[in-house]
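S.K.: Build the full structure now, drawing on both the sequences and the hints.
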Amino acid sequence: MQKMSNLLKGKQLVLSNGKCITKKRSMVPLILVIVLAFTYLSVVITGFDLGLLMRRWKEFFILLGQMFPPDLNYAAKVWGPLIATIQMSFLGTLVGAVLAIPFAIIAASNIMKSRILVGLTRLLISILRAIPTLVTALIATYIFGLGSFAGTVSICIFTFAYVGKIMYEQIETVFMGPFEAMESMGNGKLYAFIKAVVPQVLPIYLSTTLFCFEGNVRYAAILGYVGAGGIGLILNEKIGWREYECVGMILLMLYITVFIIESISRALRKTFDLRGR
Amino acid sequence: MEDRIAVQLNKYPSKALEKMSTFVLIVALVIWSMQVGAIGAIKEDGLNIAKGIITGILQPDGALLFNLTMQGVPYLLLETVCIAFLGTIVGGMLAVPLAFLSASNVVPKGVAFIVRMLIMAIRTIPAFVYGLMFIRVTGPGPFAGLLSMSFISIGMLCKLYKEAIEDMDTHILESFDALGCTTFEKIRYGILPQLLPSFLSTLIYRFDMNIRDAAILGLVAAGGIGAPLIFAMSSYRWHEAGAIIIGLAVLIIIIEFFSTKLRNKLVG
Chain P
0 MQKMSNLLKG KQLVLSNGKC ITKKRSMVPL ILVIVLAFTY LSVVITGFDL GLLMRRWKEF
60 FILLGQMFPP DLNYAAKVWG PLIATIQMSF LGTLVGAVLA IPFAIIAASN IMKSRILVGL
120 TRLLISILRA IPTLVTALIA TYIFGLGSFA GTVSICIFTF AYVGKIMYEQ IETVFMGPFE
180 AMESMGNGKL YAFIKAVVPQ VLPIYLSTTL FCFEGNVRYA AILGYVGAGG IGLILNEKIG
240 WREYECVGMI LLMLYITVFI IESISRALRK TFDLRGR
Chain Z
0 MEDRIAVQLN KYPSKALEKM STFVLIVALV IWSMQVGAIG AIKEDGLNIA KGIITGILQP
60 DGALLFNLTM QGVPYLLLET VCIAFLGTIV GGMLAVPLAF LSASNVVPKG VAFIVRMLIM
120 AIRTIPAFVY GLMFIRVTGP GPFAGLLSMS FISIGMLCKL YKEAIEDMDT HILESFDALG
180 CTTFEKIRYG ILPQLLPSFL STLIYRFDMN IRDAAILGLV AAGGIGAPLI FAMSSYRWHE
240 AGAIIIGLAV LIIIIEFFST KLRNKLVG
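Line by line, the protein sequences give chains P and Z.
If you're matching positions, the first sequence starts at 0 in numbering that gives the first Met the number 0 and goes up one per residue.
If you're matching positions, the second sequence starts at 0 in numbering that gives the first Met the number 0 and goes up one per residue.
Worth flagging that the hints you see were computed from the coordinates, not collected in a lab.
Fair warning: there could be bad hints in the mix.
Said to hold, decoys possible - Straight line, CA to CA, 30 Å or less: simulated DSBU-like cross-link-like pairs of lysine-lysine: (1) P/K269 - Z/K10; (2) Z/K158 - Z/K264; (3) P/K269 - Z/K18; (4) P/K10 - Z/K264; (5) Z/K264 - P/K269; (6) Z/K185 - P/K23; (7) Z/K18 - P/K194; (8) Z/K260 - P/K269; (9) P/K194 - P/K112; (10) P/K57 - Z/K158; (11) Z/K108 - Z/K185; (12) P/K22 - P/K10; (13) P/K10 - Z/K260; (14) Z/K260 - P/K22; (15) Z/K158 - Z/K260; (16) P/K22 - Z/K185; (17) P/K23 - Z/K264; (18) Z/K264 - P/K112; (19) P/K194 - Z/K10; (20) P/K10 - Z/K185; (21) Z/K264 - P/K18; (22) Z/K158 - Z/K185; (23) P/K23 - P/K10; (24) Z/K108 - Z/K158; (25) Z/K14 - P/K188; (26) Z/K14 - P/K194; (27) Z/K18 - P/K188; (28) P/K112 - P/K188; (29) Z/K14 - P/K269; (30) P/K22 - Z/K264; (31) Z/K185 - Z/K264; (32) Z/K158 - P/K269; (33) P/K269 - Z/K108; (34) P/K112 - Z/K260; (35) Z/K260 - P/K23.
Stated by the list, open to error - If you anchor each label on the Cβ, the simulated ranges turn out as follows: (36) Z/Y74 - P/T172: 37 to 45 Å; (37) P/T270 - Z/V23: 17 to 25 Å; (38) Z/K10 - P/K269: 26 to 34 Å; (39) Z/D176 - P/V97: 52 to 60 Å; (40) Z/S20 - P/L116: 36 to 44 Å.
Predicted model only: the values in this text are computed from it and were never measured.
From the three backbone atoms N, C-alpha and C, an ideal C-beta is built for every residue, glycine too.
M.R.: Here it is as structure tokens:
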């Protein structure tokens, strides 16, 4: 043990004024060894084979090539599911983000003094975050049947956990002066929170929610694959029938939609971020 | 006194119209999206299934949860971590050149825009489509999962890398020039110390997300814990599904704990 600590202690340096200091030993070699060892283990377990990749990488583009040119006639049938996807994501994000507000307040230890309540709420949020969205979507399809509602529910749960976590962290870092001043003037906790904390965190809340919405539109395409409604349903169907020109068309329309939504949301987020400062 | 406060208050432009129109817009959007059949009814056996899931999670299949063979939860989790780990590394390497090519302070604006469109296209293709493409290359199994994982990572990695590159302080490079440093020295002492912490932090964050997303790969037989989970659920073996979900959740919480710590150390 003694030897070990000597090894970790690092170099002794004597300065010109006679002071003795220890230079911390760099952790980089140790970390590098661990990372390399784990990389080796991963290569063995996953069967990573660079040679195979070099020989057969062209196969990757065969499927991609079959998607071009996209079947333009199919576009008319994509609109419905595409709009359903946007509706699912919008509703799910909105409900999830609104539900997250009270929980974020309860989970913030500077507002809630009860440590049990704070701990329990945080546990709930982190458990919900830990269950992958695909699994919640699968469970939702078993309970609510196939269709958009299951997708909306799982998007809602994901948004709730994501926004909830970011918001309680944000609420904990706000400047508490105004809140205490309001409280000492005899106002209730809720009133003080609305007037003193909300203006500080609102821009971040809106910006986080919009960011989450962007991601959810893209994620909703995957949810359809397990039957939770939206564009994933027809994507799954067309892949199953190997009609790759239609798959290309679906992906192209999804791409354009995501591009438009992202542009609008980025412009909005920029204004929120400016106000936040 | 109160008059003066009132006068000052009235000086601010009224935002009532803006607030009202935003409110109306949001309500309209909500009503529009309700069309999607938002209020779904619970299936007749839905409650039974919900009960099954909850009992499954509360009483997981212990034999599966602590089974140390290739079919047990620990090995599947290890395989998932390995897929996510190597996938993040490969994706992280592929993202570096793309990120530099999309940074507007490195290349001309036109090039940056085109590369950004390409990155968005890479990001739009869903994970299971990549899975199908790579299964043609490698055959089903964790290798295909690893490659799809690396491709779905590229989008976010590029975006965060690019922000770090655009925030880089280039004055340092000018002073290195003035000192007569070589290109290698400029990269080693001028660029790497600025970029490495945020790049590493981004990679760790993405690794964290990739473990969450790894379940998707199970849909297309690309390895990891997803496939056994989906099989267990679709054949209503809730105790098995419960064991897998618990294992996965514990793994994700542990990894999130360490990754947050590491990232705070790197950037904070």
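S.K.: Compare the structure with each hint and give your call.
M.R.: Each hint, compared with the structure:
no. : hint                       : result
1   : P/K269 - Z/K10             : holds (26 Å)
2   : Z/K158 - Z/K264            : holds (22 Å)
3   : P/K269 - Z/K18             : holds (18 Å)
4   : P/K10 - Z/K264             : holds (23 Å)
5   : Z/K264 - P/K269            : holds (28 Å)
6   : Z/K185 - P/K23             : holds (25 Å)
7   : Z/K18 - P/K194             : holds (17 Å)
8   : Z/K260 - P/K269            : holds (29 Å)
9   : P/K194 - P/K112            : holds (19 Å)
10  : P/K57 - Z/K158             : holds (27 Å)
11  : Z/K108 - Z/K185            : holds (24 Å)
12  : P/K22 - P/K10              : holds (5 Å)
13  : P/K10 - Z/K260             : holds (27 Å)
14  : Z/K260 - P/K22             : holds (23 Å)
15  : Z/K158 - Z/K260            : holds (22 Å)
16  : P/K22 - Z/K185             : holds (25 Å)
17  : P/K23 - Z/K264             : holds (16 Å)
18  : Z/K264 - P/K112            : holds (28 Å)
19  : P/K194 - Z/K10             : holds (20 Å)
20  : P/K10 - Z/K185             : holds (28 Å)
21  : Z/K264 - P/K18             : holds (29 Å)
22  : Z/K158 - Z/K185            : holds (24 Å)
23  : P/K23 - P/K10              : holds (7 Å)
24  : Z/K108 - Z/K158            : holds (16 Å)
25  : Z/K14 - P/K188             : holds (26 Å)
26  : Z/K14 - P/K194             : holds (17 Å)
27  : Z/K18 - P/K188             : holds (25 Å)
28  : P/K112 - P/K188            : holds (12 Å)
29  : Z/K14 - P/K269             : holds (19 Å)
30  : P/K22 - Z/K264             : holds (19 Å)
31  : Z/K185 - Z/K264            : holds (25 Å)
32  : Z/K158 - P/K269            : holds (16 Å)
33  : P/K269 - Z/K108            : holds (20 Å)
34  : P/K112 - Z/K260            : holds (25 Å)
35  : Z/K260 - P/K23             : holds (20 Å)
36  : Z/Y74 - P/T172: 37 to 45 Å : holds (41 Å)
37  : P/T270 - Z/V23: 17 to 25 Å : holds (19 Å)
38  : Z/K10 - P/K269: 26 to 34 Å : holds (27 Å)
39  : Z/D176 - P/V97: 52 to 60 Å : holds (54 Å)
40  : Z/S20 - P/L116: 36 to 44 Å : holds (38 Å)
Going down the numbered hints, you'll see the structure goes against none, and every one checks out.
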